[in-house]
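Q: Each chain, written out:
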Amino acid sequence: MLEVVLPIVLALLGLALLIAFVRLWLGPTLPDRVVSMDLIAVLTVGVIVTASAGSGQRALLDAAFVIALVGFMGTVAYAWYIEKER
Amino acid sequence: MSSSILRTAARVLMPLLVLFAVFLLVRGHNDPGGGFVAGLVIAVAFVLLMFADGVEAARRSLPVSPWHLLGSGLLVALTAGLMPVFVGRPFLTALWAHLGPERWDVLVGTPLLFDIGVCFVVVGVVLTMTFSLVED
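As they're listed, the protein sequences go chains A and B.
Going by my numbering, the letters in the first sequence line up with residues 1 to 86, in that order.
Going by my numbering, the letters in the second sequence line up with residues 1 to 136, in that order.
Derived from the structure by calculation, the hints contain no laboratory data.
Ideal Cβ placement from N, Cα and C applies to all residues, glycine included.
The reader is advised that the hints may include incorrect statements.
Covered stretches of chain B (in silico footprint by chain A; criterion: 3 or more residues with CB under 8 Å from a CB of chain A, positions within the stretch not fixed) [unchecked claim]: (1) 27-36; (2) 44-50; (3) 75-89.
Bound-form chain A, shown alone:
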């Protein structure tokens, strides 16, 4: 069951990462790019958790935990600077 699901999940996450990266590349304004960076962080957590489920490496979950806890800090920092610029 897991062998069938894992490639599908990884392909969908990869597609989502690609779409988020297109927004990061094009993004006409800075807030667009910041939001896409936040989305990429969340998708990275998904990729790590999927890889952890596939390989059985429980240590990978710690990396996902740290990114999930800390990832939004970058977004907050960017928001702080955007607010300061005005």
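For this one, chain A is given, so just place chain B on it according to the hints.
A: Frame of chain A, contents of chain B only:
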């Protein structure tokens, strides 16, 4: 920036981050983790507080100033390195001791002390840099 959402989230997340950092620090000898990551997570907890309540509140919530933390961390790591020298072993050799009664045998050693020192140094460095960058 004074968003009440951010302030509430910071209040909930800060203890969680510090607890996770302690977990990373203690298990760092045998599994992924260690003083460096633990220090980074603790520093991020205080940076989060800084974004939510301002630099002054973050400085006040830290019991000692960041550079005192940096210096004492270096001292703790040096102590952990020098302890085996007094027993006649090379510098930075790991010393282990069994503590407690037979049933709750706890293995403590100088690597944990060294990791605590590294953790203090990382927290001190990151917070010194962040606070002075924001205060400019």
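Q: It remains to establish, for every hint, whether it holds in the given structure.
A: Hint by hint, here is what the structure shows:
| no. | hint | verdict |
| --- | --- | --- |
| 1 | 27-36 | holds (count 3) |
| 2 | 44-50 | holds (count 3) |
| 3 | 75-89 | violated (count 0) |
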